[in-house]
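Turn these sequences into a full structure, and let the hints guide you.
Residues per chain are reported as follows:
Protein chains: 2
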Amino acid sequence: MPAERPETLRVFSLNCWGIRFFSQLCTQRYEMIGELLGREQHDIALLQEVWSEKDFLFLKRKLSSSHPYTHYFKSGVFGSGLAVFSKHRIQDALLYKYSLNGYPYMLHAEYSRAQDEYLPHRMVQSWELLQFVRHTSCGADLVVLGGDLNMHPQDLGNRLLRSHTGLRDCYTETDTFDGCEDGHTLIAANHFSKKQDLIPFEKGIRIDYILMKGSQKVSMKCESLSTTKGPVADKPYPYSDHEALTAELALLHSEDSRQHGSSNALAVSEQMDVVAEARAVVKEGLCQTEALRDKATYLMFSGLLLLLLPLAMAFLPCFCSFSTLGLLGAVCMSLLLSGAMLYLLFTTHIKVLKETDDQMMLTSNDLQTKLTGCRLSGSPSSDGSPELQPLSPFKREE
Amino acid sequence: MPAERPETLRVFSLNCWGIRFFSQLCTQRYEMIGELLGREQHDIALLQEVWSEKDFLFLKRKLSSSHPYTHYFKSGVFGSGLAVFSKHRIQDALLYKYSLNGYPYMLHAEYSRAQDEYLPHRMVQSWELLQFVRHTSCGADLVVLGGDLNMHPQDLGNRLLRSHTGLRDCYTETDTFDGCEDGHTLIAANHFSKKQDLIPFEKGIRIDYILMKGSQKVSMKCESLSTTKGPVADKPYPYSDHEALTAELALLHSEDSRQHGSSNALAVSEQMDVVAEARAVVKEGLCQTEALRDKATYLMFSGLLLLLLPLAMAFLPCFCSFSTLGLLGAVCMSLLLSGAMLYLLFTTHIKVLKETDDQMMLTSNDLQTKLTGCRLSGSPSSDGSPELQPLSPFKREE
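For the protein sequence lines, the chains are A and B, in the order given.
All the letters of the first sequence, read from the start, carry residue numbers 0 to 397 under numbering that gives the first Met the number 0.
All the letters of the second sequence, read from the start, carry residue numbers 0 to 397 under numbering that gives the first Met the number 0.
Treat the hints with care, since some could be wrong.
With a straight-line Cα cutoff of 30 angstroms, these simulated DSSO-like cross-link-like pairs (lysine-lysine) come out [said to hold, decoys possible]:
#	chain 1	residue 1	chain 2	residue 2
1	A	Lys-350	B	Lys-96
2	B	Lys-53	A	Lys-350
3	B	Lys-61	A	Lys-350
4	A	Lys-53	B	Lys-194
5	B	Lys-86	A	Lys-353
6	B	Lys-228	A	Lys-350
7	B	Lys-61	A	Lys-96
8	A	Lys-96	B	Lys-194
9	B	Lys-353	A	Lys-59
10	B	Lys-96	B	Lys-353
11	A	Lys-353	B	Lys-61
12	A	Lys-282	B	Lys-61
13	B	Lys-202	A	Lys-96
14	B	Lys-282	A	Lys-61
15	B	Lys-53	A	Lys-282
16	B	Lys-228	A	Lys-96
17	A	Lys-294	B	Lys-53
18	A	Lys-216	B	Lys-216
19	B	Lys-61	A	Lys-53
20	B	Lys-194	A	Lys-350
21	B	Lys-59	A	Lys-282
22	A	Lys-53	B	Lys-350
23	B	Lys-350	A	Lys-86
24	B	Lys-86	A	Lys-282
25	B	Lys-216	A	Lys-350
26	B	Lys-282	A	Lys-86
27	B	Lys-96	B	Lys-61
28	B	Lys-194	B	Lys-228
29	A	Lys-353	B	Lys-294
30	B	Lys-53	A	Lys-96
31	A	Lys-53	A	Lys-282
Some residues of chain B that are not near chain A, with every Cβ distance over 10 angstroms (derived) [as the list claims (entries may be wrong)]:
#	residue
32	Gln-27
33	Gly-75
34	Ser-218
35	Ser-225
36	Glu-289
If you want the footprint, here are the derived chain A segments under chain B, 3+ residues with CB under 8 angstroms [unchecked claim]:
#	segment
37	237 to 249
38	340 to 352
I should point out that these hints are in silico values taken from the structure, not numbers from a laboratory.
These figures come from a predicted structure and were not determined experimentally.
Glycine residues also receive a C-beta, built at the ideal position from the N, C-alpha and C atoms.
Pasting the structure below:
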């Protein structure tokens, strides 16, 4: 009897680098991206950094027949930049905002690994992403996660995400691959890529991914993966400063494949190791942030003390002019206010880091229990579904 | 053959009103709350407004033997105020922060229904809460949601939450009830309650809830519900300005009860009605917020134009003094900055309202399809599990 013919799902992902008036040749590149999507007819296209709603609406119009279903995630002052185009009906959408997004006073995405000031923030984001996937994918037939994750393949955050969700990287799993060497998505051959970001990695960097996961009902396999390779044939420039990814995923209905949930002792022990490593980073970040908050406290108090100076001088009217006094007062007030703002900022960050550490601890304890169960019985004690559902821990301000 | 004896789950919920140095008699009340919890030995205690971590740690020490498992949700500058104490191991915790929490310049929780400026915000919160429950409860044996929801029983947000999650209100479902009239949790007989909040509702208000939901594996029933009634015997004052709730829930393992998923045509049509009502509120909120943003724009431009005045005057040095000029300049700058801050604030709110409206639209369309399916076949076309999992729509800033 012939095997059931698998259905396929074609998924596309691109960081569109669409900052109007800043990213080069936006209009022309969106025209090219729209053409590509209309021609290639992927089942789902995941676009990032579509910062302008006008550009989204342009694509929506252009793709109205090939991809009639779409969702543009709105959030924050500048939006989320995320757009999904689909040939299939989108039944629901859910947006989760990361708690930490770097420091507002440092704006550059960091590709250097040596001095990564954002490492604890990335760890919190990875944790939140994996928690989101774990908690929302229980009833799912399959999970596809695609986009610019801003992490190298072997970065801790990436290992954490993969080991705790069971998501598999299409690049390492694919049957056939056609694209840049080592699957790089930031390459020197791309006209737009910032060459200084690539100095420590002359061959390129892989930070864009399509990850996937089946379920008990559906088993999943990556049949082919391809990337763009910088220049585009017959066009004067590439689609973006990132390369685009296209994955062909084969879906096979299965009775009970069990391949998705790898909760044997080895997998559990690997999960424990990686979460321990992540906790160390979060704790280190906590120490750094506490030190920064101390500095903010000093700044505040310096401002406060200095403020006494012009006040005292005001009692010696001939000592200096009114305008000098005013200037001095303004400087002190600025110090005081900056200190206070930074204090609040770091306090918020400390809370988020502590919450992440607490959640990681719960997971560690749970894994420890499972591991003990595994060792005693040769199989896991629990399938990971909580005995009691987490109790809707909603924050509200009154 | 005798029926299987149900297991019971005793759940406690209290808004602790724990703002140090502001809420009255905090220390004494936490002592009382700790005593109550230690004596009553509920399976799970859900506490809200535990604003100080010190108070949480006090309870944690006091309850270390009765409730060895606990989680305190850390978030924002002031924390979330949420604490969970459990007799059973907590395997995982997840925190979701509402996108909208009222306006920072209006700080009072609004109990009046007539002029509820926050109605659209409440609607967004209800929507986010129900989306959280829907998307995280697929694999759950049971769901319990408890706390101060700041909504009356028949408020739109409450109806939206119940109809779209299938959560049932213990107060209306309970076999026996012992507590305040109509289940009120804010009552005039409470020494601490703010009497002016109760003016339009002289009997009291019910805004604290325990909601529950079973699954295909477990059917759930509320056997008894009780509330405190203001004064506490042998104590000079109540536990809080809110009354506490205690529910005894009977859990019965069932083969396939199906009672949890009410997706018949009638339920679907009710869901459609209530989401349509909610969309109208969100759209109204959108209009109001757009009008507010316009005002912020005017403010900004007024500041900018007025700033020209002292600049012009500076060219007429004898016209007025240097300090007058400085003062005028400072006023203009304040106008400009306030306008800009408000503009950013309202822009963010508009994005959140639009995102919520988009998500509600997706749900409406989905319900419409189901309803058509119901009417054609007499049963729903789909069980609500998405064909394609929502595609990890994470916001990141780079």
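For each hint, the structure was consulted:
A C-alpha spacing of about 13 angstroms is found between Lys-350 (chain A) and Lys-96 (chain B), which places the hinted pair at or below 30 angstroms, so the restraint holds. Distance restraint check for Lys-53 (chain B) and Lys-350 (chain A): the Cα-Cα separation of roughly 14 angstroms lies within the 30 angstroms cut-off, and the hinted pair is therefore satisfied. With a C-alpha separation of about 24 angstroms, the suggested pairing of Lys-61 (chain B) with Lys-350 (chain A) holds against the 30 angstroms cut-off. The hinted pair formed by Lys-53 (chain A) and Lys-194 (chain B) fails the criterion: a straight-line CA distance of about 51 angstroms is larger than 30 angstroms.
For the given pair, Lys-86 (chain B) sits about 23 angstroms from Lys-353 (chain A) by alpha-carbon distance, which is consistent with the 30 angstroms threshold. As the CA atoms of Lys-228 (chain B) and Lys-350 (chain A) are separated by approximately 35 angstroms, the hinted pair breaks the 30 angstroms bound. In summary, the hint linking Lys-61 (chain B) to Lys-96 (chain A) is not supported, as the alpha carbons are separated by about 36 angstroms, beyond the 30 angstroms threshold. About 38 angstroms separates the Cα atoms of Lys-96 (chain A) and Lys-194 (chain B), which puts this hinted pair outside 30 angstroms; it is violated.
Restraint check for Lys-353 (chain B) and Lys-59 (chain A): the C-alpha separation of about 17 angstroms stays at or below 30 angstroms, so the hint holds. Pair hint Lys-96 (chain B) plus Lys-353 (chain B) holds up; C-alpha atoms about 18 angstroms apart against a cutoff of 30 angstroms. As the CA atoms of Lys-353 (chain A) and Lys-61 (chain B) are separated by approximately 22 angstroms, the hinted pair is consistent with the 30 angstroms bound. Only pairs whose Cα atoms come within 30 angstroms are accepted, and Lys-282 (chain A) paired with Lys-61 (chain B) is accepted, the gap being roughly 27 angstroms.
This hinted pair does not check out: Lys-202 (chain B) and Lys-96 (chain A) have alpha carbons roughly 41 angstroms apart, beyond 30 angstroms. Between Lys-282 (chain B) and Lys-61 (chain A), the direct Cα distance comes to roughly 27 angstroms. Compliance with the 30 angstroms bound is thereby established for this hinted pair. Between Lys-53 (chain B) and Lys-282 (chain A), the direct Cα distance comes to roughly 21 angstroms. Compliance with the 30 angstroms bound is thereby established for this hinted pair. For the proposed pair Lys-228 (chain B) and Lys-96 (chain A), the alpha carbon gap of about 40 angstroms is over 30 angstroms, so the pair is violated.
Straight-line distance between C-alpha atoms of Lys-294 (chain A) and Lys-53 (chain B) comes to about 24 angstroms, which keeps the hinted pair within the 30 angstroms bound. For a cut-off of 30 angstroms, the pair hint linking Lys-216 (chain A) to Lys-216 (chain B) stands: about 19 angstroms separates their Cα positions. For a cut-off of 30 angstroms, the pair hint linking Lys-61 (chain B) to Lys-53 (chain A) is broken: about 57 angstroms separates their Cα positions. Between Lys-194 (chain B) and Lys-350 (chain A) the alpha-carbon distance is near 35 angstroms, which puts this suggested pair outside the 30 angstroms criterion.
Restraint check for Lys-59 (chain B) and Lys-282 (chain A): the C-alpha separation of about 22 angstroms stays at or below 30 angstroms, so the hint holds. Taking the CA atoms of Lys-53 (chain A) and Lys-350 (chain B), the gap is near 14 angstroms; set against the 30 angstroms cutoff, the hint holds. Between Lys-350 (chain B) and Lys-86 (chain A), the direct Cα distance comes to roughly 25 angstroms. Compliance with the 30 angstroms bound is thereby established for this hinted pair. Between Lys-86 (chain B) and Lys-282 (chain A), the direct Cα distance comes to roughly 28 angstroms. Compliance with the 30 angstroms bound is thereby established for this hinted pair.
For the hint linking Lys-216 (chain B) to Lys-350 (chain A), the alpha-carbon distance of about 37 angstroms lies beyond 30 angstroms, and the restraint is violated. Restraint check for Lys-282 (chain B) and Lys-86 (chain A): satisfied, since their Cα atoms lie roughly 28 angstroms apart, inside the 30 angstroms limit. Taking the CA atoms of Lys-96 (chain B) and Lys-61 (chain B), the gap is near 29 angstroms; set against the 30 angstroms cutoff, the hint holds. Proposed proximity of Lys-194 (chain B) and Lys-228 (chain B) is supported: the alpha carbons are some 16 angstroms apart, at most 30 angstroms.
Straight-line distance between C-alpha atoms of Lys-353 (chain A) and Lys-294 (chain B) comes to about 40 angstroms, which puts the hinted pair past the 30 angstroms bound. For the hint linking Lys-53 (chain B) to Lys-96 (chain A), the alpha-carbon distance of about 29 angstroms falls within 30 angstroms, and the restraint holds. Simply put, Lys-53 (chain A) and Lys-282 (chain A) have alpha-carbon atoms about 42 angstroms apart, too far for the 30 angstroms limit, and the pair is violated. The Cβ of Gln-27 (chain B) sits about 22 angstroms from the closest Cβ of chain A, beyond the 10 angstroms cut-off, so the non-interface label holds.
Residue-level check failed: Gly-75 (chain B) sits 6 angstroms from the nearest beta carbon of chain A, not beyond 10 angstroms. Remark: the non-interface label on Ser-218 (chain B) is consistent with the geometry, its nearest Cβ contact in chain A lying 15 angstroms away (cut-off 10 angstroms). Under the 10 angstroms C-beta cut-off, the non-interface status given to Ser-225 (chain B) relative to chain A holds; the minimum distance is some 20 angstroms. The Cβ of Glu-289 (chain B) lies farther than 10 angstroms from every Cβ of chain A, with a closest approach of about 14 angstroms, so its non-interface assignment holds.
Chain B is given as covering the segment 237 to 249 of chain A, and this is violated because 0 residues of the stretch bring a CB closer than 8 angstroms to a CB of that chain, at least three being needed. With a cut-off of 8 angstroms between beta carbons, the segment 340 to 352 of chain A has 5 residues touching chain B; three or more are needed, and the interface restraint holds.
Hints 4, 6, 7, 8, 13, 16, 19, 20, 25, 29, 31, 33 and 37 from the list above are not met by this structure, while the remaining hints are.
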